[in-house]
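Novice: Can you build the whole structure from these sequences, using the hints too?
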Amino acid sequence: GQQVMQIPQYQHVQEGEDFTTYCNSSTTLSNIQWYKQRPGGHPVFLIQLVKSGEVKKQKRLTFQFGEAKKNSSLHITATQTTDVGTYFCAGPGDSNYQLIWGAGTKLIIKP
Amino acid sequence: DAGVIQSPRHEVTEMGQEVTLRCKPISGHDYLFWYRQTMMRGLELLIYFNNNVPIDDSGMPEDRFSAKMPNASFSTLKIQPSEPRDSAVYFCASSPNHEQYFGPGTRLTVT
Numbered sequence: 018g019q020q021v022m023q024i025p026q027y028q029h030v031q032e033g034e035d036f037t038t039y040c041n042s043s044t045t046l047s048n049i050q051w052y053k054q055r056p057g058g059h060p061v062f063l064i065q066l067v068k069s070g071e072v073k074k075q076k077r078l079t080f081q082f083g084e085a086k087k088n089s090s091l092h093i094t095a096t097q098t099t100d101v102g103t104y105f106c107a108g109p110g111d112s113n114y115q116l117i118w119g120a121g122t123k124l125i126i127k128p
Numbered sequence: 286d287a288g289v290i291q292s293p294r295h296e297v298t299e300m301g302q303e304v305t306l307r308c309k310p311i312s313g314h315d316y317l318f319w320y321r322q323t324m325m326r327g328l329e330l331l332i333y334f335n336n337n338v339p340i341d342d343s344g345m346p347e348d349r350f351s352a353k354m355p356n357a358s359f360s361t362l363k364i365q366p367s368e369p370r371d372s373a374v375y376f377c378a379s380s381p382n383h384e385q386y387f388g389p390g391t392r393l394t395v396t
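In the order they appear, the protein sequences are chains A and B. Note that the working numbering has the first sequence beginning at 18, numbered continuously upward. Note that the working numbering has the second sequence beginning at 286, numbered continuously upward.
Please note that a few of the clues may not be correct.
[Stated by the list, open to error] Pairwise CB distance ranges (calculated):
1. N356/B to D35/A: 45 to 51 angstroms
2. E303/B to H92/A: 44 to 50 angstroms
3. V297/B to I125/A: 26 to 32 angstroms
[To be verified] Per the computed footprint, the stretches of chain B lying under chain A, defined by three or more beta-carbons under 8 angstroms from a beta-carbon of chain A, are:
4. 326–332
5. 370–384
Note that these hints are calculated values from the structure, not bench results. Idealized CB from N, CA, C, for every residue including glycine.
Specialist: Here you go:
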């Protein structure tokens with residue numbers, strides 16, 4: 018069945034360092050979405066990428082969609098404590114409105 | 286808009302009891318999703334509705350789980366009888382198109 022693999026599972030960084038999470042799909046995706054879940058919170062929609070090779074920025078966050086539309090990445094420059102949480106990617110399932118979720122990457126800031 | 290509203294926020298119940306979780310989606314959103322999140326299994330889609338009609342309930346774990354959406358502004362997820370392995374955070378999400386907006390979740394503990 019369709020799968021969305023996300024790595025790494027955890028990433029520990031010092032505040033100010035960069036963070037990257039990667040998503041790979043077994044099939045070509047029509048779009049990919051990214052969400053952030055703070056500890057104890059709920060997933061919050063960040064962005065949707067649709068076009069092959071698309072790059073979008075939100076302040077220190079850079080989202081990329083691969084040329085083959087089978088992979089995506091989220092890069093955070095100079096992490097801050099407010100970035101702590103789990104970042105999920107999600108692609109459309111059998112129905113375009115149902116999402117297949119990656120397992121998430123937990124961003125942890127070292128004390 | 287108040288966002289997706291879920292109640293109760295926390296529920297502690299004894300094994301064998303009936304549990305009803307409630308959700309009010311964002312007005313105008315045609316899609317409603319019920320998810321379950323645990324450390325072991327991550328975020329799992331249980332069921333989703335389009336225009337109040339259940340579209341895919343293949344994620345509902347057992348006959349003990351049922352969901353209804355009697356109108357566009359209300360949905361319930363019922364577990365009867367509840368078991369300790371049902372302990373999890375249950376999220377409701379609504380969507381106008383592709384991106385999903387999550388409620389704060391109901392943390393269910395079955396003892």
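Novice: Which constraints among the numbered hints does this structure fail? Numbers only, ascending.
Specialist: The structure conflicts with no hint, since it agrees with every one listed earlier.
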